[in-house]
Amino acid sequence: MAASSDRNPPPFPTAEESEPGLCDMADADSDEGEDIFVSNSNPVSVSRGVSQPDRVSEEPSDLFSEEEEAASSTAAKANGVHSDDDNDLFADANVELSTDKSSSSARKEPSGPRHASTFTPSPAAMQPTSLEQLEEEEAKDSFDVDVAVTNPEKVGDGMNAYVAYKVSTRTSLPMFRSKVFSVRRRFSDFLGLYEKLSVKQSLHGCIIPLPPEKSVVGMTKVKVGMDDPSSVEFVERRRAALERYLQRVVSHPSLLQDPDVREFLEREDLPRAVNTQALSGAGFLKMINKASDAVNKMTIKMNESDTWFEDKFQEVENEEQQLRKLHVVVDSLVIHRKELCGNTAVFAKSLAMLGNSEDNTALSRALSQLAEVEDKMEQLHQEQAASDFFIFAELLGDYIRLLGAVRGCFDQRMRAWQRWQEAQSTLQKKREAEAKLLWANKPDKLQQAKEEITEWEARVTQYERDFDRIGMTVRKEVLRFEKEKAKDFKSQIIKYLEAMLQSQQRLIKFWEAFLPEAKAIA
Amino acid sequence: MMEEVKETASVLSVHDDSIKVTEVLKEGDTLTFIIVSQKLSGTGEYHVDRTYEDFEWLQQHLFSQGDVPGIQGVIFPPLPAKPQVNASPRSIKQLGFLALGECQPYCKALETFLQQVAAHSILSKNKAVEVFLTSSDPPGRQKVKKNIFNRLSQAVEEMRKEGHKDVDEFFQNERDHNLILTGCTKTAAEKFLDVVATEQKIAVACGHFSTALHLCVEPGEDPDKQAFSRVCVKLSEVFESIKKNMTSVAENNVNTLGLGLDLESRYQEAEREMLFRRTCKLVELENAQRNVEKAKPVKKAAMEEVKKAAETEFEHTSGVAKQEIARFQGARVEMLQQALVGWCEKQLLTAKESADQFNQHLEVFRGMA
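Chains as they are written, first to last, in our numbering: chain F, 1 to 522; chain V, 523 to 891.
Bound-form chain F, shown alone (with noise of 0.2 Å):
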């Protein structure tokens, strides 16, 4: 379960790399990162990943542990897990490069079909133009990676029964073992790799991206059988939302350097997950709302310097109630048309009643034929349908979800003030208690005073520069963020428009194809 913090950048086949500013900090991580990756020697993204020791593998975290044990202590943690707060040393050489246009501009829309168990392809390996930014560069290639869900298979039988997909990577990546690959990987594991993301990337400000939701009703349905067509769709929809999480996963700069991620990807036999069942049913957006009701509840306001954070936040829970909005209108009209097929099919079938019934031959067969149409036109209508559901509403399902999991990481920002505020408030405490020794002159405590000043000084200053820090983070994930969402729903509408206009050209044929027919009648 624990994964080691992975202090390893990305390959550049080329160039060089850092601005020598921040390669203080990360020198650190290169002696480390040489291990795994061939020729650099100047990394420069730095993962963000939470270090613990347990894990032993090429990984040599352990160095950066014990450095991290050190600065933090017992310092107030939200999930019980360690450490996350101490990546800001290595984390600051992180946060100017990799800016928003770079991951913009590296990831292309991925021109096939989403859904389709193909390579969704990402143009990273092309070379920069002009190496104008190096940022560019390096996300580039660190998008190189395209991974695809399929063949999902019945594993088992009765209740114990799952179901499993094969995850399939290819990468020209050198952080992987190889470059094709695949493993079989099962709903909980899923579940499991976002749950290990979400304790350790959230807290810098990081947009998880979420999973779909477990369905008790759905998975029991397939448990007893997979082959009626409410299974086969329940099947579909979940493989089909699983590659999409997959897919915003790796195209995440930062969520692609974690271990996790590439242990997911790569490793045979995954370590069940054990903590997946607090996830239930409605359970992230349920736990992220519990999160902001906390925040809510906090007694001490932040003043907002800068107002944009407030601006978004707004923006991103109107936008949320939007999406909503337009998700349940594209729920009604999913309804209506698949209420069209089935309509469209009893029509036929009273079209074909209506032909063996009649005497005139001419008549008879026309009627016939026009049954005939009428039943393609039910299967048109279902494909109609489907475009409308796993097109549309699937998307705005993502994105209302991922909404939340934007405002998690406003959040997250929120309580890294917190932490900061309640750290100088403790400071003071501590100073006066020093003052009140002074006088009452005694130098044993008087020393322990001390040191526990210069503790939380340093304290303070470690919280105050997590809170800039997963500030800057939070504005370069909302503003990635809002890129990606303009390209998704822009790709998505031009596989529909497509999806639609070959409805039409097939239409286009039946009719022609009948219109003899009728004509021949009389």
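Honestly, the hints are just simulated from the structure, not real lab data.
Just so you know, even glycine gets a beta-carbon here, dropped at the ideal spot from N, CA and C.
There's no promise every hint is true.
[Unchecked claim] Think about it this way: if two alpha-carbon atoms lie no more than 20 Å apart in a straight line, the pair counts; the simulated EDC-like pairs of lysine to aspartate or glutamate are:
#, chain 1, residue 1, chain 2, residue 2
1, F, K312, V, E743
2, V, K747, F, E339
3, V, K765, F, E339
4, V, K844, F, D359
[Claimed, not checked] Beyond 12 Å from chain V on every Cβ pair, some chain F residues (computed):
#, residue
5, K430
6, K445
7, K450
[What the hints assert, rightly or not] Computed footprint of chain F on chain V; a stretch qualifies when at least three of its residues, placed anywhere within it, have a C-beta under 8 Å from a C-beta of chain F:
#, segment
8, 704-711
9, 728-739
10, 874-886
Guided by the hints, dock chain V onto chain F, whose structure is given.
Below, chain V alone, put in the same frame as chain F:
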């Protein structure tokens, strides 16, 4: 004998296929239909306004031509059910396709009714038709004398008569066949109506989506926000197109095949009623024959008279009926063909237009930064 009609026969002075119901006016709860027809001789038009009650008056007159021999063998062009301004759900269901749209389907159905009456060799001779189409005054509203066609009562004996075995194989076949076809056509019309209703719902939902998307447009100069806003605006236009497409598809359905199935369904019912009347005449005749056989000598002559009258009437009715059936079979096939061809052509056109539009939208999106 044939010419002894109470009302003087007349020749219709308008072209039957020129009759059009051009407009409908709403005044409170009353609907008034404007009917235009072209004069046979010379140029000029007749413009008259009629309410539904006037149509009923016409129909009553047609039904009450008891002195026209064999009148009971006529398949009477069916008059659509009464329209209501604020229609009850039952009324809407009864009207089916004719309740849809802004009265055009209904007007078309009325128009068809008038055209068929005016084109009918026997019916067009009724003076009431001329009056209805040409008189500027509204035709009389007084209740017409008893007519033989008050709606078939549901009395048990009537139902039994419907199943009465025929003496003529041609008619027996026709009756059997009609029974099946009536059922099938009615079902097909109903199911098609369901399809149209769902298409309309989809159009409405698309409209909602289009509107809701406008709410996602946000002001501001942030380029990413603008990019998303642009996407929303364009998508809104796409769904507006989809809505228009769906609406056209539904309209096409109603105006061609919908109307066709509706008319076919009502005409099959009209044939059924005619066959039933003939069957009743048959029963009457058979009763009369039995009465003759059973009659005491003193009554025998009278019974014989009754029997002869019944025989004559039955023969006339059957004669007319045979002609009517032949005409009907030809006419309905032609009508259905027209409906199907018209339907296919309209839908083809709509599909091509939509394809063009989607193509345009696609280009816009592909070209978007």
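Against the structure, the hints:
1. F/K312 - V/E743: Given pair F/K312, V/E743 holds - Cα atoms ~14 Å apart, limit 20 Å.
2. V/K747 - F/E339: Since the Cα atoms of V/K747 and F/E339 sit roughly 36 Å apart, the hinted pair is violated (cutoff 20 Å).
3. V/K765 - F/E339: holds (17 Å)
4. V/K844 - F/D359: holds (17 Å)
5. K430: holds (44 Å)
6. K445: Label holds. Min Cβ-Cβ 56 Å, cutoff 12 Å.
7. K450: Non-interface label stands for F/K450: nearest chain V Cβ at 50 Å, farther than 12 Å.
8. 704-711: The restraint on the segment 704-711 of chain V holds, since 4 of its residues have a Cβ under 8 Å from chain F and three suffice.
9. 728-739: Holds, because 7 residues of the segment 728-739 of chain V bring their Cβ atoms closer than 8 Å to Cβ atoms of chain F.
10. 874-886: Contact hint for the segment 874-886 of chain V vs chain F: holds, 7 residues under 8 Å.
Hint check: a violation occurs at hint 2 only; the rest are consistent with the structure.
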